[in-house]
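Here the protein sequences line up with chains A and B, keeping their order.
Numbering of the first sequence is given in my numbering, commencing with residue 1 and proceeding in unit increments.
Numbering of the second sequence is given in my numbering, commencing with residue 1 and proceeding in unit increments.
Just to be clear, a hint being listed does not mean it is correct.
To be verified - Using C-beta positions, here's what the derived DEER-type ranges look like: (1) Tyr13(A) to Arg67(B): 53 to 59 Å; (2) Ala85(A) to Arg148(B): 50 to 56 Å; (3) Leu198(A) to Arg20(B): 43 to 49 Å; (4) Ala301(A) to Ser155(B): 33 to 39 Å; (5) Val300(A) to Glu136(B): 40 to 46 Å; (6) Arg292(B) to Ala123(A): 35 to 41 Å; (7) Arg80(A) to Gln153(B): 24 to 30 Å.
To be verified - Now the stretches of chain A that chain B is said to cover, found in silico as 3 or more residues with beta-carbon under 8 Å: (8) 169-182; (9) 187-199; (10) 251-262.
In case anyone wonders, no lab produced these hints; they're calculated from the structure.
Note that CB positions come from ideal geometry on N, CA and C, so glycine has one too.
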Amino acid sequence: MSLLELDAVEVEYTRRGRSSVRAVAGATLSLERGQVVGLVGESGCGKSTLARAAVGLVAPTGGAVRFDGETLTPLTRRARPRREAKLQLVFQDPYSSLNPRRRIGVQIADGLTILGLVASPAARDARVAELLSQVGMAADAADRFPHEFSGGQRQRIAIARALAAEPSAIVLDEPLSSLDASAQAQIANLLVGLARDLDIGMLLISHDLAIVRQVADVVSVMYLGVIVESGKTGEVWNQPLHPYSEALIGAVPKVDGTGTLPAALPGEVPDPANPPTGCRFHPRCPYAMDRCRVDEPPLVAVADERVSACWLNRPGAPIVPLTERSAPAAT
Amino acid sequence: MTPILEVEGLRVQLQGRRGRVTVVDGADFTLREGEILGVAGESGSGKTLSMLSLLGLLPAGAVVEGRAMFGGQDLLALQGRALRDVRGAQIGMVFQDPMTSLHPMVTIGRALTEHLRFHTKMKKAEARRRAIELLEEVRMPDPEGCLRAYPHQFSGGMRQRLAIAVALVCKPKILIADEPTTALDVTVQAGIVRLLDRLRRETGLSVLMITHDLGVLSAIADRISVMYAGRVIETGVKRDILRAPRHPYTAGLLDALPHPEAPADTPLLTIAGAPPSANDVISGCKFHPRCRFAQDSCRTEVPSFVTAADGREFACPVDPLPATRAEVVR
Chain A
1 MSLLELDAVE
11 VEYTRRGRSS
21 VRAVAGATLS
31 LERGQVVGLV
41 GESGCGKSTL
51 ARAAVGLVAP
61 TGGAVRFDGE
71 TLTPLTRRAR
81 PRREAKLQLV
91 FQDPYSSLNP
101 RRRIGVQIAD
111 GLTILGLVAS
121 PAARDARVAE
131 LLSQVGMAAD
141 AADRFPHEFS
151 GGQRQRIAIA
161 RALAAEPSAI
171 VLDEPLSSLD
181 ASAQAQIANL
191 LVGLARDLDI
201 GMLLISHDLA
211 IVRQVADVVS
221 VMYLGVIVES
231 GKTGEVWNQP
241 LHPYSEALIG
251 AVPKVDGTGT
261 LPAALPGEVP
271 DPANPPTGCR
281 FHPRCPYAMD
291 RCRVDEPPLV
301 AVADERVSAC
311 WLNRPGAPIV
321 PLTERSAPAA
331 T
Chain B
1 MTPILEVEGL
11 RVQLQGRRGR
21 VTVVDGADFT
31 LREGEILGVA
41 GESGSGKTLS
51 MLSLLGLLPA
61 GAVVEGRAMF
71 GGQDLLALQG
81 RALRDVRGAQ
91 IGMVFQDPMT
101 SLHPMVTIGR
111 ALTEHLRFHT
121 KMKKAEARRR
131 AIELLEEVRM
141 PDPEGCLRAY
151 PHQFSGGMRQ
161 RLAIAVALVC
171 KPKILIADEP
181 TTALDVTVQA
191 GIVRLLDRLR
201 RETGLSVLMI
211 THDLGVLSAI
221 ADRISVMYAG
231 RVIETGVKRD
241 ILRAPRHPYT
251 AGLLDALPHP
261 EAPADTPLLT
271 IAGAPPSAND
281 VISGCKFHPR
291 CRFAQDSCRT
301 EVPSFVTAAD
311 GREFACPVDP
321 LPATRAEVVR
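Can you build the whole structure from these sequences, using the hints too?
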């Protein structure tokens, strides 16, 4: 049993007077304690919706989210079970996720007080100072306001606030994308360190493959509402088994000074309200066959801890680079 | 290659609430004909404001000093009609966010032809032909249909292509592109990077490309200037800058990038501390509080920009730069 399990999760948004949109169309993902899982994909692929479903901010319309073995209660006007406080969320933009009119210490202490984790005001202040030092901030930050800090520092504060609830899992929705390069590296290191030291599972959602490549143990690639490939980060990076993963990795410019142009992926992400038939990637796929236009490939295990949804994959067979494969005989 | 734009001693001061702040503090760079010059740096390093100052687009109350020679005239001294004749006609500009840089209530056709009609007194039909030609050049599907469409009908990547088309419509000699790919996905970014590279090769366009993404510059820039806290601290050929940086800040920026061949679970290297804000007063080299190699002289004297025997230009007295890599900061 995994700490956080997303089992064929679907999220459908209904729109007045228009057809509904399945932003997440059956995504399966799991997260263990102390593990960093990266979720990558282009904008509009449903990553943020999946993040919101993973913590219960939106109710899945299909499938299930299980945290610590029990089905997660979506957010409503009723109080949620206390145990679900162990699942926390960090938002993308630390400029809007912190209240500008409340002092840092007070915001971090909210979780401590509400959950009854501290016995006295003195213990609360000591814990706030400890949380701040865990994220690399000085204790005197507690008396200051968010505007006194840079983007990187604010993201540290947002992480400290999430840590206050003593979480076993944290979902982070693009926590690095509003930060500068040097701050990105620092926060990325902080996250990995926290995952290891405090044995927290982290689901890191990002469109920045280079960062995910460096910090995630396992990576899942999402396209138009579905997970198309998952595996150990290094293995996926070195030998992608889905044409979309291959295109995504090939588009990352390399800093080697040789002037190699990044590979272009033709076309655009289709409208999720009206997804293509068959494999959702087939209109942009360089390897598309007739079958891809009709049948949607299932996510199958192709190797140890490696799943991919592509008709070119043959489960159990040795892994062959995509470019060297021939289309299997029509079945 | 002959220089097309020479900027010397550029200083920009903005009017802040607590008096003037210096945001660009003596920047020098040269753009040569037909090249892509990358200007790299973190936010707040003054790269955007330097470019805006060249086009007279700074907010009211800004004070600009220095020279920017373009076609025999100093851009910084131009005003009114003379400035309008250069801006948009001879120098085009593309901004970071294609969602806001195109007017939402103006059709693509009008956005494209209005420049032409203003700058060249071209007839309507002729302007329309040029607009279609340009839309084909930036590889927009259905150029005729595009002319009647509004910006909201396009995705981010398509809008950035349209913004590039608008900037290029009067056949400018220089294109200034400010973080043109930052708001885009990596796959869309790849398309825009390839487009800029092709335009440069096919039309001999000179491009000033501002970005914090060294990967993008590695792909298309010819030379790179690195800015820190309002100053250019290193300039050189792309290969030299990326493979053997001479300034400790450039070296730190490169060390901080995720390394494709690094073994799993190696922490990213980082530069200690954070970039200074424009209000901070730092004596000597502005990088010295974060520099691992700072000497006594760095704290008091501004290092002069020197040209080494091999043509490298940098502002650092530490020579040669020790080969140790940056520390890990959490």
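Structure-based check of all given hints:
no. : hint                               : verdict
1   : Tyr13(A) to Arg67(B): 53 to 59 Å   : holds (56 Å)
2   : Ala85(A) to Arg148(B): 50 to 56 Å  : holds (54 Å)
3   : Leu198(A) to Arg20(B): 43 to 49 Å  : holds (46 Å)
4   : Ala301(A) to Ser155(B): 33 to 39 Å : holds (34 Å)
5   : Val300(A) to Glu136(B): 40 to 46 Å : holds (43 Å)
6   : Arg292(B) to Ala123(A): 35 to 41 Å : holds (40 Å)
7   : Arg80(A) to Gln153(B): 24 to 30 Å  : violated (41 Å)
8   : 169-182                            : holds (count 3)
9   : 187-199                            : holds (count 5)
10  : 251-262                            : holds (count 12)
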